[in-house]
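Each chain is listed here by its residues.
Number of protein chains: 2
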Amino acid sequence: MFSERITGSLAAGSSIRAMFEQGNRLKKQYGEENVYDFALGNPDPEPPASVLEDLKRLVSEPGIHKYMPNAGFPDVRAKIAAYLKKETNVDFTENHIMMVTGAAAGLSVTMDSLLNPGDEVIVIAPFFGEYKGYVTNFGGKIVPVPALPGTFGLDVPAIEKAITSKTKAMILNSPNNPSGAVYDEASLKALNAALERAEAAFGEPVYVVSDEPYVKIVYDGVKVPAMSAIFKNSIIVNSFSKSLALPGERIGYVAVNPQIRNADVLMDALIFCNRTLGFVNAPGLFQKVVADHLEDVAGLEAYRERRDALYEILMDTGYECVLPKGAFYLFPRSPIEDDVAFCDLALKHRLVIVSGSGFGYPGYFRLAYCVDRKTIQNSKDAFAALRKEALGK
Amino acid sequence: MFSERITGSLAAGSSIRAMFEQGNRLKKQYGEENVYDFALGNPDPEPPASVLEDLKRLVSEPGIHKYMPNAGFPDVRAKIAAYLKKETNVDFTENHIMMVTGAAAGLSVTMDSLLNPGDEVIVIAPFFGEYKGYVTNFGGKIVPVPALPGTFGLDVPAIEKAITSKTKAMILNSPNNPSGAVYDEASLKALNAALERAEAAFGEPVYVVSDEPYVKIVYDGVKVPAMSAIFKNSIIVNSFSKSLALPGERIGYVAVNPQIRNADVLMDALIFCNRTLGFVNAPGLFQKVVADHLEDVAGLEAYRERRDALYEILMDTGYECVLPKGAFYLFPRSPIEDDVAFCDLALKHRLVIVSGSGFGYPGYFRLAYCVDRKTIQNSKDAFAALRKEALGK
Chain A
1 MFSERITGSL
11 AAGSSIRAMF
21 EQGNRLKKQY
31 GEENVYDFAL
41 GNPDPEPPAS
51 VLEDLKRLVS
61 EPGIHKYMPN
71 AGFPDVRAKI
81 AAYLKKETNV
91 DFTENHIMMV
101 TGAAAGLSVT
111 MDSLLNPGDE
121 VIVIAPFFGE
131 YKGYVTNFGG
141 KIVPVPALPG
151 TFGLDVPAIE
161 KAITSKTKAM
171 ILNSPNNPSG
181 AVYDEASLKA
191 LNAALERAEA
201 AFGEPVYVVS
211 DEPYVKIVYD
221 GVKVPAMSAI
231 FKNSIIVNSF
241 SKSLALPGER
251 IGYVAVNPQI
261 RNADVLMDAL
271 IFCNRTLGFV
281 NAPGLFQKVV
291 ADHLEDVAGL
301 EAYRERRDAL
311 YEILMDTGYE
321 CVLPKGAFYL
331 FPRSPIEDDV
341 AFCDLALKHR
351 LVIVSGSGFG
361 YPGYFRLAYC
371 VDRKTIQNSK
381 DAFAALRKEA
391 LGK
Chain B
1 MFSERITGSL
11 AAGSSIRAMF
21 EQGNRLKKQY
31 GEENVYDFAL
41 GNPDPEPPAS
51 VLEDLKRLVS
61 EPGIHKYMPN
71 AGFPDVRAKI
81 AAYLKKETNV
91 DFTENHIMMV
101 TGAAAGLSVT
111 MDSLLNPGDE
121 VIVIAPFFGE
131 YKGYVTNFGG
141 KIVPVPALPG
151 TFGLDVPAIE
161 KAITSKTKAM
171 ILNSPNNPSG
181 AVYDEASLKA
191 LNAALERAEA
201 AFGEPVYVVS
211 DEPYVKIVYD
221 GVKVPAMSAI
231 FKNSIIVNSF
241 SKSLALPGER
251 IGYVAVNPQI
261 RNADVLMDAL
271 IFCNRTLGFV
281 NAPGLFQKVV
291 ADHLEDVAGL
301 EAYRERRDAL
311 YEILMDTGYE
321 CVLPKGAFYL
331 FPRSPIEDDV
341 AFCDLALKHR
351 LVIVSGSGFG
361 YPGYFRLAYC
371 VDRKTIQNSK
381 DAFAALRKEA
391 LGK
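From first to last, the protein sequence lines are chains A and B.
Per the UniProt record's numbering, the very first residue in the first sequence carries number 1; after that it's consecutive.
Per the UniProt record's numbering, the very first residue in the second sequence carries number 1; after that it's consecutive.
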């Protein structure tokens, strides 16, 4: 038979993807417009028109569809390095950049490059459930540390307590999926001080793997602090899935902080893993197009409007929720303790939502509001009825 | 520090990629036109004009850049299933097809889905060196069985002898990289009989993983037998890197034979691994375009001309070589026993070639002739001088 490790994991699956499939089934049954599907972070806007125009032009550029070095086209890597240097004041060059097949690929390749069997990777709960696979696939162990209740900010003392001699890395994800939290500079600097104490104590750095697909999706004048400027042992994993609305095309990059000791060896390891895991290289056409759209962001104002509209509905119908400053998710408290049961009940009201348990944070649920305005507007009665039924009123 | 397993493997690297980089260095030093680079199977033709036209049109299709199910767009999978059914008479449906990020991804995900620790995977030497990583990454062990000397055909008795209770799969690659051999139907049927005897003896099937990127690159009226029609326990891994000259875009598919016991579980495992290894889904735009170009092949006549031209040069300058019926490689015998030393010496003559040792078959070297005509024409003196120097004449 097949791999026991894999077939044994099939039942677990991804709670997000399972709900995505449930939503598709409901839509077939009741019609698209009668289902309120907040399951998947699948950006609703199309890519910016200038991106589409450039794609049309680049399609015919000679050589663009051929193999290139495994790390990506050198000119693309140089443009990204220049952009990061400008943004962070850190001395990135093209030799610190590897193009990857989306942030998921970037995280997978990074963990393959870093982890020895038994190594621990700290994540802040709630966290994107897929992190677990990216770590355990390479013999690592995930160590969740809960975020601060209420704000979902960093609990630095709790993180420091969780660090052991086996801690190889921690994953930061700000703006956060699913909470939408943006970590402020003060807490990040406090975290950096804690990591420096740990390095002094254990003699090895704790690498900060910063998963940043939402770094441009922020509201109310908030700016995400540059992780590369704060953490010298940082590895940035970015993607254009959200900023340019290209999630199906799988394009992103990994940027290794030049201050990492033996950064060149780490780059060689990343390039090796990119090849040997079967990615080979990031898709060439999309490498070229993103390099000329590093500052762009698709649909930001529409996201803000939808955030506000959905938040208002939740407030009006009696839910508890923090208004987040980033990403395109709300993470309200479940009216009943069992968030999984609550999300199952939601399907009866044709609401497709994902339980906090899938993000290592029970008692909450996630709403992806990157959906059309009508879906949000029409969902109000369903949210009200769901809460009422859940509370047995 | 970083992963010991990975940093320990860095020195080994890929002999093809190492030569590719050497070639680029020589070109900078001597000028592009003075280096005869036969290192990399990087198709020289551009994709067919109709593919480029379709890409331009598809770029603006609403929704095409969004997430889709992890297995790929359902309409794309249905088109591929219909094509395979027509070609093989096997009852493929869209539920047997998963779109992948190139054949390398397909092989990686397939091995992740199949292998338990210690499982053995038979490969026919000479073989594409990357197979080793795709197998060992998931705890498997590669078991090379040499091809028949002279023809590079299947040595069925030797394969049968290599099968043990730990044999989970074998990888077939016809047309073969690096030998260009196309396995004939009689030897494949003999192999199938051997695999059926093994299944009866050990109680478990040996899965045939057929890596078919060159299946359309064949000459002299040869047709590649349909593996799905011969082997009921077959998993086809295909890519459009060579047939449509899109190697940098990473697009292909995996097709699971409907006759495999629990084929649905295997499909679930493949989709799970595609997600959890970080591929998520194959690039969406290229999924859509390949589905409408399943019959096309770029540059076949030009490849044949180049094969003949390079073969003639080798004959004229005293090399020993079989004229292959497929792929775009020649695999001549090294004039001296040490093929690695021979390939190093070749660099002195500005010839960039890859040693057979990198393919598990010492004493030979590989020439990728998917290069421009001039490179081939101008290389004759270098091949002659190289042979002379190698033999100490």
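Calculated from the structure, these hints are not laboratory results.
Don't take every hint at face value.
For chains that are exact copies, the list does not tell them apart, and a pair is met inside one copy or across any two.
The list that follows gives simulated cross-link-like pairs (lysine-lysine, DSSO-like), each with its CA atoms no further than 30 Å apart [stated by the list, open to error]:
(1) K216 to K232
(2) K66 to K56
(3) K27 to K79
(4) K28 to K348
(5) K66 to K388
(6) K28 to K79
(7) K66 to K380
(8) K166 to K141
(9) K393 to K232
(10) K216 to K56
(11) K232 to K86
(12) K56 to K325
(13) K232 to K85
(14) K79 to K56
(15) K374 to K132
(16) K66 to K28
(17) K232 to K374
Computed from a predicted structure; not experimentally measured.
Comparing the hints with the structure gives:
1. Within a single copy, K216 and K232 get their C-alpha atoms as close as 22 Å, which meets the 30 Å cut-off; across copies the closest is 50 Å, which misses it.
2. In this assembly of identical chains, the alpha carbons of K66 and K56 lie at most 30 Å apart whether taken from the same copy (17 Å) or from different copies (18 Å).
3. For a Cα distance limit of 30 Å, the shortest separation of K27 from K79 across copies, 24 Å, qualifies, whereas the shortest one inside one copy, 43 Å, does not.
4. In this homomeric assembly, K28 and K348 come within 30 Å of each other (Cα to Cα) only inside a single copy, at 15 Å, whereas the closest approach across copies is 66 Å.
5. In this homomeric assembly, K66 and K388 never come within 30 Å of each other (Cα to Cα): the closest approach is 58 Å inside a single copy and 35 Å across copies.
6. Taking the shortest alpha-carbon separations for K28 and K79, only the inter-copy value of 22 Å comes in at or below 30 Å, while the best intra-copy value is 45 Å.
7. When the C-alpha separation of K66 and K380 is checked against a cutoff of 30 Å, the pair qualifies only between copies, where the shortest distance is 26 Å, while the shortest distance within a copy is 50 Å.
8. When the C-alpha separation of K166 and K141 is checked against a cutoff of 30 Å, the pair qualifies both within a copy, at 10 Å, and between copies, at 29 Å.
9. For the identical chains of this complex, K393 and K232 are neighbours neither inside a copy (54 Å) nor across copies (58 Å), given an alpha-carbon limit of 30 Å.
10. Taking CA atoms no more than 30 Å apart as the test, K216 paired with K56 passes in both settings, with 25 Å inside one copy and 28 Å between copies.
11. In this assembly of identical chains, K232 and K86 lie within 30 Å of each other by CA distance solely inside one copy; the values are 17 Å within and 57 Å between copies.
12. Taking CA atoms no more than 30 Å apart as the test, K56 paired with K325 passes in neither setting, with 35 Å inside one copy and 37 Å between copies.
13. In this homomeric assembly, K232 and K85 come within 30 Å of each other (Cα to Cα) only inside a single copy, at 14 Å, whereas the closest approach across copies is 55 Å.
14. When the C-alpha separation of K79 and K56 is checked against a cutoff of 30 Å, the pair qualifies both within a copy, at 21 Å, and between copies, at 25 Å.
15. In this assembly of identical chains, K374 and K132 lie within 30 Å of each other by CA distance neither inside one copy nor across copies; the values are 35 Å within and 52 Å between.
16. Within a single copy, K66 and K28 get their C-alpha atoms only as close as 41 Å, which misses the 30 Å cut-off; across copies the closest is 20 Å, which meets it.
17. Taking identical chains as interchangeable, the C-alpha atoms of K232 and K374 are never at most 30 Å apart, the minima being 45 Å within one chain and 50 Å between chains.
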